[in-house]
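S.K.: Here is what each chain is made of, one letter per residue.
Number of protein chains: 2
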Amino acid sequence: MSYMIVVYDVEEERINKARKVLKKYFLWVQNSVFEGEITEGKFEKCRIELSKVLDLKRDSIYFYRIENKFNYKKVVLGIEKEITDNFI
Amino acid sequence: MSYMIVVYDVEEERINKARKVLKKYFLWVQNSVFEGEITEGKFEKCRIELSKVLDLKRDSIYFYRIENKFNYKKVVLGIEKEITDNFI
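Just so you know, the sequences run in chain order A and B. Residue numbering for the first sequence follows the working numbering, beginning at 38 and increasing consecutively. Residue numbering for the second sequence follows the working numbering, beginning at 38 and increasing consecutively.
Some clues are possibly wrong.
[To be verified] In silico BS3-like pairs for lysine-lysine, Cα to Cα no more than 25 Å straight-line:
#: 1; chain 1: B; residue 1: K110; chain 2: A; residue 2: K111
#: 2; chain 1: B; residue 1: K110; chain 2: A; residue 2: K110
#: 3; chain 1: B; residue 1: K110; chain 2: A; residue 2: K89
#: 4; chain 1: A; residue 1: K79; chain 2: B; residue 2: K111
#: 5; chain 1: A; residue 1: K110; chain 2: B; residue 2: K60
#: 6; chain 1: B; residue 1: K106; chain 2: A; residue 2: K110
#: 7; chain 1: A; residue 1: K111; chain 2: B; residue 2: K82
#: 8; chain 1: A; residue 1: K82; chain 2: A; residue 2: K54
#: 9; chain 1: B; residue 1: K111; chain 2: A; residue 2: K61
#: 10; chain 1: A; residue 1: K54; chain 2: B; residue 2: K118
#: 11; chain 1: A; residue 1: K61; chain 2: B; residue 2: K110
#: 12; chain 1: A; residue 1: K94; chain 2: B; residue 2: K118
#: 13; chain 1: A; residue 1: K60; chain 2: A; residue 2: K82
[Unchecked claim] Between beta-carbon pairs, the in silico distance windows are:
#: 14; chain 1: B; residue 1: E77; chain 2: A; residue 2: T76; range: 33 to 41 Å
#: 15; chain 1: B; residue 1: K60; chain 2: A; residue 2: K106; range: 27 to 35 Å
#: 16; chain 1: A; residue 1: K61; chain 2: B; residue 2: M38; range: 31 to 39 Å
#: 17; chain 1: B; residue 1: F107; chain 2: A; residue 2: E77; range: 18 to 26 Å
Rather than coming from a laboratory, the hints here were simulated on the basis of the structure. Cβ coordinates follow ideal geometry from the N, Cα and C atoms, glycine included.
Bound conformation, chain A alone (with noise of 0.2 Å):
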């Protein structure tokens, strides 16, 4: 089990898709910014399901894994997003 934290940045044609993928793993926290603890094997899932979706020659995902999710703290500046299950 990992703490990840994921930015997209796909183009405006597959961005739906990407959410909707993202969204089944994660928590969506900001425009471009999921985060959430996920298990190797649905990492592995959702990486399937992504490279579906995307062009992986124009898009880019970063998955931050961060070992430990005591070691980070999230600084806001501005609005913080509501962690909900809004659809898009």
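Given chain A, work out where chain B should sit, using these hints.
M.R.: Chain B alone, transformed into the frame defined by chain A:
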């Protein structure tokens, strides 16, 4: 000294100003992500500068502070932006 992952969600009209400030303090690694080591003093200065250019009721910047930069691993799916000092 902390290592930070910085993600921003800033409205179009203020985005260039926000990026300009962030580029003074961090490396620009993806469209809406910066990374880098920063001292407490510089972080304070960075937030003050950002507060002047952002609309804190509409924009948001998340700073993920990682205590030990060896405590995270980055997995990239798709293209990886070269870390450069490129102009916007």
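S.K.: Each hint should be assessed against the structure and marked as holding or not.
M.R.: Status of the hints after comparison with the structure:
no. : hint                         : verdict
1   : K110(B) x K111(A)            : 17 Å, holds
2   : K110(B) x K110(A)            : 16 Å, holds
3   : K110(B) x K89(A)             : 24 Å, holds
4   : K79(A) x K111(B)             : 17 Å, holds
5   : K110(A) x K60(B)             : 21 Å, holds
6   : K106(B) x K110(A)            : 13 Å, holds
7   : K111(A) x K82(B)             : 17 Å, holds
8   : K82(A) x K54(A)              : 15 Å, holds
9   : K111(B) x K61(A)             : 20 Å, holds
10  : K54(A) x K118(B)             : 22 Å, holds
11  : K61(A) x K110(B)             : 22 Å, holds
12  : K94(A) x K118(B)             : 11 Å, holds
13  : K60(A) x K82(A)              : 13 Å, holds
14  : E77(B) x T76(A): 33 to 41 Å  : 35 Å, holds
15  : K60(B) x K106(A): 27 to 35 Å : 29 Å, holds
16  : K61(A) x M38(B): 31 to 39 Å  : 37 Å, holds
17  : F107(B) x E77(A): 18 to 26 Å : 20 Å, holds
Hint check: no violations occur; every hint is consistent with the structure.
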